[in-house]
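If you read the protein sequences in the order shown, they are chains A and B.
Heads up: the first sequence begins at 3 in the numbering used here, then just goes up one per residue.
Heads up: the second sequence begins at 3 in the numbering used here, then just goes up one per residue.
Since the hints were derived computationally from the structure, they do not count as laboratory data.
Mixed in with the good hints there might be a few duds.
27 Å max Cα-Cα, derived BS3-like pairs, lysine-lysine [stated by the list, open to error]:
1) B/36 to A/61
2) B/85 to A/6
3) B/107 to B/61
4) B/4 to A/115
5) B/35 to B/10
6) B/85 to B/36
7) A/35 to B/36
8) A/115 to B/10
9) B/35 to A/61
10) A/6 to B/6
11) A/4 to B/36
12) B/4 to A/36
13) B/6 to A/65
14) B/65 to A/6
15) A/35 to A/65
What the simulated footprint calls covered on chain A by chain B, stretch by stretch (three residues with Cβ under 8 Å from a Cβ of chain B suffice, anywhere in the stretch; the number is not a length) [what the hints assert, rightly or not]:
16) 10 to 23
17) 46 to 57
Glycine included, each C-beta is placed from N, C-alpha and C at the ideal position.
There are 2 protein chains.
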Amino acid sequence: MKVKLGYKTDQEYFAINDSDNRIEIDMLPREDKKAMSPTELLLSGVIACAAVDIVSMIKKKRKSLIEFSGEASGERRDEQPRKFTSMHIHYRIISPDLTQIDAEKIVHLAVEKYCSVASTINESTTLTHSVEVVPN
Amino acid sequence: MKVKLGYKTDQEYFAINDSDNRIEIDMLPREDKKAMSPTELLLSGVIACAAVDIVSMIKKKRKSLIEFSGEASGERRDEQPRKFTSMHIHYRIISPDLTQIDAEKIVHLAVEKYCSVASTINESTTLTHSVEVVPN
Chain A
3 MKVKLGYKTD QEYFAINDSD NRIEIDMLPR EDKKAMSPTE LLLSGVIACA
53 AVDIVSMIKK KRKSLIEFSG EASGERRDEQ PRKFTSMHIH YRIISPDLTQ
103 IDAEKIVHLA VEKYCSVAST INESTTLTHS VEVVPN
Chain B
3 MKVKLGYKTD QEYFAINDSD NRIEIDMLPR EDKKAMSPTE LLLSGVIACA
53 AVDIVSMIKK KRKSLIEFSG EASGERRDEQ PRKFTSMHIH YRIISPDLTQ
103 IDAEKIVHLA VEKYCSVAST INESTTLTHS VEVVPN
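When you get a sec, could you build the whole thing from the sequences and use the hints?
Pasting the structure below:
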């Protein structure tokens, strides 16, 4: 697996994968931002990675999935390198027949056992997760 | 810092940051891919994160930068979770007045001391780096 990086300006870059899919990346201040920053890409990678397995497990259990969304948040320390000290990922599932307990088991499995990105994260970064099931 | 995740299909998602910048994410097979996968986002985050500091350090040293690019590659283990066992990031710099030795020092500092994403990566993932300076 390979990703190429290109330069646009000192604070603006782009990355391209093996299939030529491109993303923009910038480190501009919030008001000027046009793209995600590298740390936001990491958060996006963690939450998307587990999401794919969560949805797949819900379907394997033959439960219906009306809506699925999530939110990843992270705290970084103030000193350099500004590594993540903690991350929290939360999912919201609308399903009339998936129980809260089953959803928690599925999210736990996805994050702790299957997610490639989460498993590459430092053990000193506390990664927590939660899920909210709404019947409709 | 927060990122929201949205669902498109079982294999296709999107993420949005606090400034409403959006990226697409998918886990489709290579021939069908329209967007990066979560693990590619992690590689992109690592290489872009260090790039910003590398460029900034080159400018602080008042060296000229004609071209800047990079490539990140990674190996993942076969068993679940398919965590990265190693990553390598390589930069290519076109500069008539930056020495190879200075470039190596800068890349080392950026990756090892400043990069927030690299510092969040597991110590059991071997992260190596290299740089190639071309005068023109």
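Hint by hint, here is what the structure shows:
Proposed proximity of residue 36 of chain B and residue 61 of chain A is supported: the alpha carbons are some 23 Å apart, at most 27 Å. Distance check on the hinted pair: residue 85 of chain B and residue 6 of chain A sit about 20 Å apart at the alpha-carbon level, within 27 Å; holds. At most 27 Å may separate the alpha-carbon atoms for a hinted pair to count; residue 107 of chain B and residue 61 of chain B meet this at roughly 14 Å. Only pairs whose Cα atoms come within 27 Å are accepted, and residue 4 of chain B paired with residue 115 of chain A is accepted, the gap being roughly 24 Å.
Between residue 35 of chain B and residue 10 of chain B the alpha-carbon distance is near 14 Å, which keeps this suggested pair within the 27 Å criterion. Using a Cα cut-off of 27 Å, the hinted pair residue 85 of chain B and residue 36 of chain B holds, with the two alpha carbons roughly 23 Å apart. For the proposed pair residue 35 of chain A and residue 36 of chain B, the alpha carbon gap of about 23 Å is at most 27 Å, so the pair holds. A distance of roughly 24 Å separates the Cα atoms of residue 115 of chain A and residue 10 of chain B; the hinted pair therefore holds under the 27 Å criterion.
Of the pairs offered as hints, the one joining residue 35 of chain B and residue 61 of chain A holds, with about 22 Å between alpha carbons and a cut-off of 27 Å not exceeded. Simply put, residue 6 of chain A and residue 6 of chain B have alpha-carbon atoms about 25 Å apart, close enough for the 27 Å limit, and the pair holds. For the proposed pair residue 4 of chain A and residue 36 of chain B, the alpha carbon gap of about 16 Å is at most 27 Å, so the pair holds. The straight-line distance between the Cα atoms of residue 4 of chain B and residue 36 of chain A is roughly 16 Å, inside the 27 Å bound, and the hint therefore holds.
The hinted pair formed by residue 6 of chain B and residue 65 of chain A meets the criterion: a straight-line CA distance of about 24 Å does not exceed 27 Å. The straight-line distance between the Cα atoms of residue 65 of chain B and residue 6 of chain A is roughly 24 Å, inside the 27 Å bound, and the hint therefore holds. For the given pair, residue 35 of chain A sits about 39 Å from residue 65 of chain A by alpha-carbon distance, which is inconsistent with the 27 Å threshold. With 8 residues bearing a CB less than 8 Å from a CB of chain B, the stretch 10 to 23 of chain A meets the requirement of three and the coverage assertion stands.
Counting residues of the stretch 46 to 57 of chain A whose C-beta lies closer than 8 Å to any C-beta of chain B gives 9; at least three are required, and the coverage claim holds.
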